[in-house]
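Participant: The primary structure of each chain is shown beneath.
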Amino acid sequence: MITKKIPNIILTIIACIVAYAFLLPLLFMVSTSFKGLSDALGSSSLLPQQVTFKNYVDLFNQTSSAPILKWAFNTLVVTVLGTMLRLITSTLAAYSLARLNVPFKKGILIGLIWAMAIPEIVTYFPLFYIFKNTGMLNTYLPLILPSGAGAMTVYLIYQFMLGFPRELEEAAFVDGASLVKILLRIVLPSVKPILITQGFIVFLGLYNTYLWPSLVVSRTEMNTITLGIASLVLGENYVNPGLMMAATVVAVIPTILIFMFLNKYIVRGFTQSGIK
Amino acid sequence: MKAGKKVSVFFILPFVLFFILFWLVPFFYGFYMSLHNFSLINGDRGFIGVDNYIKILFSSSMYHSSFFLGLKNTLIFVALSVPPLVLLSLALALLVDNLPNKVKGLFRTIYFISYSVSVTAVASIFIWMLKGNGGYLNNLLMNLKITAAPIPWLESQPFVWISLTIATVWWTIGYNMMLFINGLNEIDVSIYEASAIDGAGFWTKFVSITMPNIKNIFFFVLMTTIIASFNVYGQPRLMTAGGPGQTTKPLIMVINSAIMDQNNMGIGNAMAILMGLIIMAVSLGQYFMTKEKEKIRIK
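These protein sequence lines map, in sequence, to chains R and B.
Residue numbers for the first sequence follow the numbering used here, so the first one is 489 and each next one is one higher.
Residue numbers for the second sequence follow the numbering used here, so the first one is 4 and each next one is one higher.
Please note that a few of the clues may not be correct.
With the C-beta cut set under 10 Å, the calculated list includes, among others, these residues of chain R facing chain B [as the list claims (entries may be wrong)]:
#1 Thr520
#2 Leu580
#3 Leu699
Per label pair, the in silico range of CB-to-CB distance [said to hold, decoys possible]:
#4 R:Ala507 / B:Glu189: 17 to 27 Å
#5 R:Ser666 / B:Ala197: 36 to 46 Å
#6 B:Ser159 / R:Ser706: 27 to 37 Å
Reference listing, derived: stretches of chain B covered by chain R, where coverage requires no fewer than 3 residues with Cβ under 8 Å from a Cβ of chain R [to be verified]:
#7 28–42
#8 57–68
#9 75–82
#10 90–101
#11 153–167
#12 266–279
Quick caveat, the hints were computed from the structure, so don't treat them as lab data.
Ideal Cβ positions, reconstructed from N, Cα and C, are used throughout, including at glycine.
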């Protein structure tokens, strides 16, 4: 709240104009997906002259060049397994670092910080080469397995745990509770907030990432939905904007819905990874 | 708590294994390949020291020219995209912050929503909005008689840079805005109230209260945006294929084609390491600048 001099009404009008600019590409995407071919190519009006569902019907029937349901299934497998793998390996490692007397603790922590500081581009191509030589290209493995090595996630959960009093865990330990019990009953509930927010960030990252999957997947039926859109954009045959936009609508609906209804968690997750 | 060492090792082991296999090994392997004559198809053909680096940095080979072309294009993109991504996002944050409380959340969500889509969706949408032939914007401009012929938004310069910048700003500006909004929320309202009594105007308050309080965030946003723009790949790859005439081919595309088209893993990895070093230099700058600030504050 810097000033009250500019009346609210003018600010709100400005905000609406800006909002239109932000929404225009999305409106264009949705409305074009309901346009016929000549309408989509020739018209200058955002709304379709005649609403048609043909693009969506075609999209779900063109299973050879754009098997969109298979892409959606691949995306589900990769995002769910990748996110679970990341959260499980990270939580266990963070707990070990924050609470248990793990050997080489200092060395591991320094390794984490180095890994966070070194840009990803340095490891992408060698990793691609390793997957290529082990015959794992065009499988789910290169899309899922690297998620297990999330240095940043380990570090964030570790810091979160340090901020928590350990008395409760110690009391439970004295009472004879097993470590697994302590982990499930006491530690997990207390780190739940950061697991939720980081889970969303990891999920969105896996859903939207383009460069890495484009290196390790070349077969159409192994595409994630994000990669599938790229293959449509780069494919020569896709000269129908309506069909392209229908595919894009299907691709972006999950993440847009998550952003609209859960943006509280997303923002918290981003700020955790960014600044305290 | 005295849990056994065995248990602690057991807990950290899965992560350490994944980390070694999918980070440490590729990291050192990449460095190893950069010091070898290494072909994507034929594999290792011998140690050649820093020859790959010399070839890229100092020779008159095609790798030298393509690396510096990619670097130049990347820097142009950084110079074009960073100012709007930082300054306009701050303006957006101030706008949202000054809106009536009832509509704040709504507009914040609207400005942030484009960040949720993938770069491939961004490209797919903007290609058909901007296409020279049959694109929405050109149809609109021609119908309104603003232009007689279609503007080559994706086909020739300088329009191509403008299109890539607009698409990128639309896609990622909301994230920076969110960081700024968080920063603005942490400023103590009573400072503003006190200055309002003194009759300070918008600009005075912005310069003397807002900016000093969000300086660290401003710096953070600036640096992360520079690094993100430095990593540009998807937009030019999909929207322009690096064209026209390789003018929008960024560094990552150059590395990608050195490896995938010229089969040269050695050169490609050396380029990736050089690029990584440049990015690290930028983040190191941020690290020292923020340190400096803390020292000043202690004084």
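Participant: I'd like to know which numbered hints this structure contradicts. Please list them from smallest to largest.
Facilitator: Of the numbered hints, 5, 8, 9 and 11 do not hold.
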